[in-house]
Each structure stands twice: as C-alpha cells, then as structure tokens.
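Peer 1: Sequence:
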Amino acid sequence: MHVLAAGSDAVSNLPPFSLTTVLTEWSIAPVPLVVTVWAAGLYLAGVWRLRSRGDRWPVGRTVSFVGLGMGSFYLVTSSGLAAYDTVLLSVHMVQHMVLSMLTPLFLALGAPVTLALRTLPRRPRDVLLRLLHSRAASVLSYPPLTFALFVVSPWALYFSGWYEASLRSVFLHETLHLHLVLVGSLFFWPLLGTDPVPGRVGYPFRLILVFLTLPFHAFLGVTIMASETLIAGGWYRSLGLPWLPEPAVDQNLAGSILWGAGDLVGSVFFAVLFVQWVRQSTREAAREDRRLDRLESKAPQEQLHGEVALPPTKRSAGGR
1 MHVLAAGSDA VSNLPPFSLT TVLTEWSIAP VPLVVTVWAA GLYLAGVWRL
51 RSRGDRWPVG RTVSFVGLGM GSFYLVTSSG LAAYDTVLLS VHMVQHMVLS
101 MLTPLFLALG APVTLALRTL PRRPRDVLLR LLHSRAASVL SYPPLTFALF
151 VVSPWALYFS GWYEASLRSV FLHETLHLHL VLVGSLFFWP LLGTDPVPGR
201 VGYPFRLILV FLTLPFHAFL GVTIMASETL IAGGWYRSLG LPWLPEPAVD
251 QNLAGSILWG AGDLVGSVFF AVLFVQWVRQ STREAAREDR RLDRLESKAP
301 QEQLHGEVAL PPTKRSAGGR
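Per UniProt numbering, numbering of the sequence shown is gapless, rising by one per residue and ending at 320.
One should not assume that every hint holds.
What follows is a list of derived Cβ distance ranges for each label pair [what the hints assert, rightly or not]:
| # | residue 1 | residue 2 | range |
| --- | --- | --- | --- |
| 1 | S12 | A248 | 17 to 25 Å |
| 2 | V37 | F211 | 31 to 39 Å |
| 3 | L140 | L42 | 19 to 27 Å |
| 4 | S134 | I208 | 24 to 32 Å |
| 5 | Q276 | L178 | 27 to 35 Å |
Hints were generated in silico from the structure; no laboratory data involved.
Glycine is no exception: its CB is placed at the ideal position from the N, C-alpha and C atoms.
Input sequences plus hints: build the corresponding full structure.
Peer 2: See the structure below:
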C-alpha cells in the first residue's frame with residue numbers, strides 16, 4: 001500500500017493555498033481520469049446511438065451528466081483542490097460536499113439508466129432490468145437505509161481513524177472519493193425520480209428525508225467546530241509547511257463549510273422536489289379534469305341514444 005509522505009516534495013513545494021493555486025496546481029491522477037473518461041464516454045456513446053437512429057435526447061441531460069456531474073468529479077479530484085486535500089481539512093471538506101451532494105445530483109439529472117435502457121442491445125438491457133428488479137437493488141435503495149448511510153457515514157469518517165488513514169494511503173484516499181459519490185448517489189438518485197430505479201417513494205416522504213438531512217449537517221458541522229480533539233491532528237502538524245494555519249482554526253473553517261454547504265444544497269434540493277411535486281399534482285389534476293369533461297360530454301349523448309332506442313309507446317308513456 002503506497003503511503004503519502006508528509007515531507008515529500010509534492011507537499012513541501014506547495015505554495016500557500018489560493019484561488020490561483022486551484023487553477024494552477026492541476027495534476028493527472030490516473031483513477032479520476034479513468035473513471036471520468038469511462039463514464040462520460042459510455043454516456044456520450046449512448047446519446048450518439050440514440051440520435052443516429054433518429055431519436056431525441058435532451059441536451060440538458062447530457063450537460064448535467066457529462067459537464068456538471070463528471071466534470072465536478074474530475075474538478076475536485078484533479079485540480080488544485082486535490083493538491084491541497086491532504087494538506088487542509090477545509091479544502092477536503094469542499095471536496096467532500098461536492099462529491100457527496102453536487103456530483104450525485106447532476107449525475108442523477110442526466111438519467112443514465114433511462115439512456116442505457118433505450119440504447120443497450122437486448123441481452124445487456126435484460127441484464128440491467130434484472131439488476132434493477134433484484135433483491136440486492138431493492139435493499140441498497142431502501143430509503144431509510146440510504147438515509148442512514150448518508151448521515152452516519154461522515155460521523156464514522158471524521159470521528160474514527162478512517163479519515164487519517166485515507167491521508168496516509170493513496171488507495172484509501174481514492175476509495176474515499178468513490179465512496180462519497182456512491183453513498184450520495186444511493187440517497188439522491190431515487191429521490192430525484194428521473195430514472196426507473198428501485199427505492200422511489202412519494203413526494204411527501206422524499207421531502208421529509210431531505211429535510212431531515214439539514215439538522216444532521218448542522219449538528220455535525222457544529223460538533224467538528226467545537227471539538228477539542230483535532231481531526232488527523234498528528235498528520236497536519238507533521239506537514240511542516242510554514243504558511244499552514246493552526247489545525248484548530250482550519251478545522252473550525254471545515255466545520256462551517258460542512259454546515260453551510262450541506263444546508264444550502266439540501267435546501268435547494270428540497271425546493272426542487274417541492275416544485276416537482278406541485279407540477280406533478282397540477283398535471284394529474286389537469287388529466288382528471290379532462291377525463292371528467294369527456295365523461296360529461298358522453299352522458300347527454302348516451303341519454304339521447306337511449307331515448308331514441310325506446311319504442312314510441314314507451315317514449316310517449318314516459319312523457320306523460
């Protein structure tokens with residue numbers, strides 16, 4: 001297992017963190033590059049296949065999945081944010097919030113499962129359908145379970161040895177990035193409802209689940225800010241960079257980022273779900289109105305046809 005050396009040239013030569021270094025300290029990390037090219041390539045191939053046979057696919061979905069979803073994943077794992085994510089807890093926290101909330105949301109908005117079902121050959125499509133309807137998929141997408149994973153996972157990460165271990169191991173570090181995206185996707189994907197995945201529930205329950213994440217983010221953020229125990233304090237003190245802030249100060253900033261960003265994204269998502277619910281209710285009400293209008297328009301005609309069908313004697317008797 002490869003270990004990240006605190007005193008290595010890659011760390012000791014880092015300039016002070018700034019917006020400029022986010023743009024200039026890019027690196028080509030193999031795992032993020034392979035994952036991004038693979039996922040974006042498969043998606044674009046599906047779009048090309050769909051359009052080559054004359055079918056349409058919304059441009060917004062492609063932009064969401066490839067540009068914003070995989071783009072945000074690659075940005076935070078290969079830009080200057082990635083260069084400093086083992087040096088500053090606050091930078092890691094920005095990365096954490098993007099990977100666990102923004103990236104999964106944009107990926108889900110791209111509806112890749114729907115695209116796959118429309119473009120895959122018969123056998124692979126049948127395999128995908130069996131997976132979607134499998135017992136394992138039902139368990140992994142069970143809303144109470146995905147909610148528990150989403151809110152408990154950060155507590156386990158920062159208040160055990162897991163986070164510091166990820167700083168010392170490249171393998172664990174890259175695995176953590178994928179873990180954040182996976183847990184976020186399991187939680188947000190069924191709630192958004194753009195793909196035919198298991199675990200979808202009614203809008204009231206979706207809103208409740210998203211609303212419940214807000215106090216958990218706030219409580220975790222405040223706990224990190226108020227904690228007298230430094231998260232990976234030994235690691236950060238061993239870096240020896242003269243421009244680094246005190247670990248306690250940076251930890252306070254990291255907690256505020258988790259609190260603020262988590263509540264902001266959660267509130268926006270709550271609003272999006274509420275708007276979706278209102279629109280769905282409006283569409284259902286309009287369909288019901290049209291159905292009732294059709295029934296009302298048929299009723300006089302059926303009554304007239306019934307009278308015409310009666311014998312003359314009965315019509316005259318009914319008229320007395």
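Peer 1: 27 to 35 Å was suggested as the range; check whether the CB atoms of Q276 and L178 agree with it.
Peer 2: holds (28 Å)
Peer 1: Range first: 19 to 27 Å. Now tell me if the beta carbons of L140 and L42 are that far apart.
Peer 2: About 21 Å separates the Cβ atoms of L140 and L42, which means 19 to 27 Å holds.
Peer 1: Could you tell me whether the CB distance from V37 to F211 stays inside 31 to 39 Å?
Peer 2: At roughly 37 Å between Cβ atoms, F211 and V37 fall inside 31 to 39 Å, so the hint holds.
Peer 1: Should the hint that S12 and A248 are 17 to 25 Å apart at their CB atoms be regarded as holding?
Peer 2: holds (22 Å)
Peer 1: Do the Cβ positions of S134 and I208 conform to the proposed distance bound of 24 to 32 Å?
Peer 2: About 27 Å separates the Cβ atoms of S134 and I208, which means 24 to 32 Å holds.
The structure agrees with every numbered hint stated previously.
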